[in-house]
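Peer 1: Here the protein sequences come in this chain order: S and E.
The first sequence begins at 14 in my numbering and counts up one residue at a time.
The second sequence begins at 44 in my numbering and counts up one residue at a time.
Incorrect hints may appear among the rest.
[As the list claims (entries may be wrong)] Only pairs whose alpha carbons sit at most 20 Å apart, straight line, appear in this in silico EDC-like list of lysine to aspartate or glutamate:
| no. | chain 1 | residue 1 | chain 2 | residue 2 |
| --- | --- | --- | --- | --- |
| 1 | S | K102 | E | D53 |
| 2 | S | K104 | E | D57 |
| 3 | E | K49 | S | E27 |
[What the hints assert, rightly or not] Not close to chain E: a few residues of chain S, all C-beta gaps over 10 Å, as computed:
| no. | residue |
| --- | --- |
| 4 | A28 |
| 5 | Q33 |
| 6 | G53 |
| 7 | K72 |
| 8 | R129 |
| 9 | E139 |
| 10 | L156 |
[Stated by the list, open to error] What follows is a list of derived Cβ distance ranges for each label pair:
| no. | chain 1 | residue 1 | chain 2 | residue 2 | range |
| --- | --- | --- | --- | --- | --- |
| 11 | E | K49 | S | N66 | 20 to 30 Å |
| 12 | E | Y145 | S | E108 | 55 to 65 Å |
| 13 | E | E152 | S | G95 | 55 to 65 Å |
Please keep in mind that the hints were generated in silico from the structure rather than gathered at the bench.
For every residue, glycine included, the Cβ atom is placed at its ideal position computed from N, Cα and C.
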Amino acid sequence: MYNVGYRIVNDAAEAQDVLQEAFISAFRNLKNYRGDSTFGAWLKKIVVNKAINQVTRRKPERLPTNERWDIGEEIAVDELEGYPFTVEKVKRAIELLPDGYRVVLSLYLMEGYDHREIAGILGITESTSKSQYNRSKKKLKELLEGGSL
Amino acid sequence: MKDSLKDFVDRNRDQFDSQEPTADIWSVIARSLPAGRRHLWNSVGVWRAAAAILLTLSGYLLATRNPGATTREMSHMQNDLTDLESYYRNQIAEKIGLIKDYDGAGENEQFTQDFQKLEAMYQVLSEEMKKHPNPKVKDALVLNLLVRIDLLNQQLKKLEDARKKHLPVPATTT
Numbered sequence: 014m015y016n017v018g019y020r021i022v023n024d025a026a027e028a029q030d031v032l033q034e035a036f037i038s039a040f041r042n043l044k045n046y047r048g049d050s051t052f053g054a055w056l057k058k059i060v061v062n063k064a065i066n067q068v069t070r071r072k073p074e075r076l077p078t079n080e081r082w083d084i085g086e087e088i089a090v091d092e093l094e095g096y097p098f099t100v101e102k103v104k105r106a107i108e109l110l111p112d113g114y115r116v117v118l119s120l121y122l123m124e125g126y127d128h129r130e131i132a133g134i135l136g137i138t139e140s141t142s143k144s145q146y147n148r149s150k151k152k153l154k155e156l157l158e159g160g161s162l
Numbered sequence: 044m045k046d047s048l049k050d051f052v053d054r055n056r057d058q059f060d061s062q063e064p065t066a067d068i069w070s071v072i073a074r075s076l077p078a079g080r081r082h083l084w085n086s087v088g089v090w091r092a093a094a095a096i097l098l099t100l101s102g103y104l105l106a107t108r109n110p111g112a113t114t115r116e117m118s119h120m121q122n123d124l125t126d127l128e129s130y131y132r133n134q135i136a137e138k139i140g141l142i143k144d145y146d147g148a149g150e151n152e153q154f155t156q157d158f159q160k161l162e163a164m165y166q167v168l169s170e171e172m173k174k175h176p177n178p179k180v181k182d183a184l185v186l187n188l189l190v191r192i193d194l195l196n197q198q199l200k201k202l203e204d205a206r207k208k209h210l211p212v213p214a215t216t217t
């Protein structure tokens with residue numbers, strides 16, 4: 014759970030605050046847990062929401078909104094095909110992404126949410142989530158190929 | 044559409060969970076729990092927190108620190124767990140029987156809900172144990188049963204205290 018929050022806020026101290034807030038909120042709202050998802054998935058969603066609130070508090074304009082990002086479906090190309098990935102490089106590159114890119118990319122790649130779920134979490138459309146993910150990958154490619162990692 | 048980045052992350056997912064919070068985070072969380080309900084939550088809450096972090100870390104621990112649990116060790120761990128589970132489940136059944144013996148014990152909704160959630164969490168941990176047998180998951184499973192016994196003991200004590208209060212005053216004259 015700590016890693017889930019850390020990837021979204023990108024800061025160790027803030028990730029600890031998020032974890033604390035999320036657990037306290039979970040304990041207070043246990044009666045709302047309906048058992049329609051696993052307890053872990055329910056808890057994870059609370060961590061994700063608290064982490065996104067934290068990023069929004071910091072700089073609201075950094076998260077994607079439909080007005081700024083919904084430019085329709087883009088043709089996605091697998092530009093990173095054949096790239097010699099390593100876990101360390103990918104992790105460092107993700108940490109260097111701007112908030113708006115990192116949040117969508119982490120939710121999709123690491124936390125296993127699909128674009129419909131991400132749209133629900135961030136209050137954006139599914140196509141905004143998809144285009145934001147594709148842009149995040151382009152930015153990540155630049156970082157990976159920039160040679161500074 | 045092929046997505047090489049996603050394929051790579053999916054193949055190496057466990058290795059991306061390498062950040063760890065400071066050691067005191069769980070005691071900080073336990074102290075921050077809402078006052079008044081703290082007594083009950085102390086046991087359930089801390090257990091849940093421990094179980095959640097165990098679930099998150101178990102893949103990472105297996106991948107990085109404990110790759111070589113042999114089939115024999117796993118089967119030994121599983122047998123050990125089966126024995127413990129049957130021992131504690133008997134105790135739990137016995138205590139539930141005692142609670143039911145109290146006249147008007149009634150249904151305590153909060154208590155029932157906690158029990159159901161502990162059982163749900165037990166199922167999650169059991170699945171994890173099947174997929175990645177690990178001493179820490181086994182400990183969490185045992186702890187889950189112990190927390191239930193603790194809750195039952197608290198409930199029994201409450202009923203016993205209530206019963207004492209309502210006992211007729213012993214007659215002093217005949």
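Peer 1: Would you mind marking each hint as holding or not holding in the structure?
Peer 2: A quick look at each hint next to the structure:
1. S/K102 / E/D53: With Cα atoms ~15 Å apart, S/K102 and E/D53 stay inside 20 Å; holds.
2. S/K104 / E/D57: Given that 20 Å is the threshold and the Cα spacing comes to 12 Å, the pair holds.
3. E/K49 / S/E27: 27 Å, violated
4. A28: 7 Å, violated
5. Q33: 5 Å, violated
6. G53: 6 Å, violated
7. K72: About 22 Å separates S/K72 from the closest Cβ of chain E, which puts it past 10 Å; holds.
8. R129: 16 Å, holds
9. E139: With a cut-off of 10 Å, S/E139 remains clear of chain E, as the shortest Cβ separation is near 15 Å.
10. L156: 12 Å, holds
11. E/K49 / S/N66: 20 to 30 Å: For S/N66 against E/K49, whose Cβ atoms are near 27 Å apart, the range 20 to 30 Å holds.
12. E/Y145 / S/E108: 55 to 65 Å: 57 Å, holds
13. E/E152 / S/G95: 55 to 65 Å: 58 Å, holds
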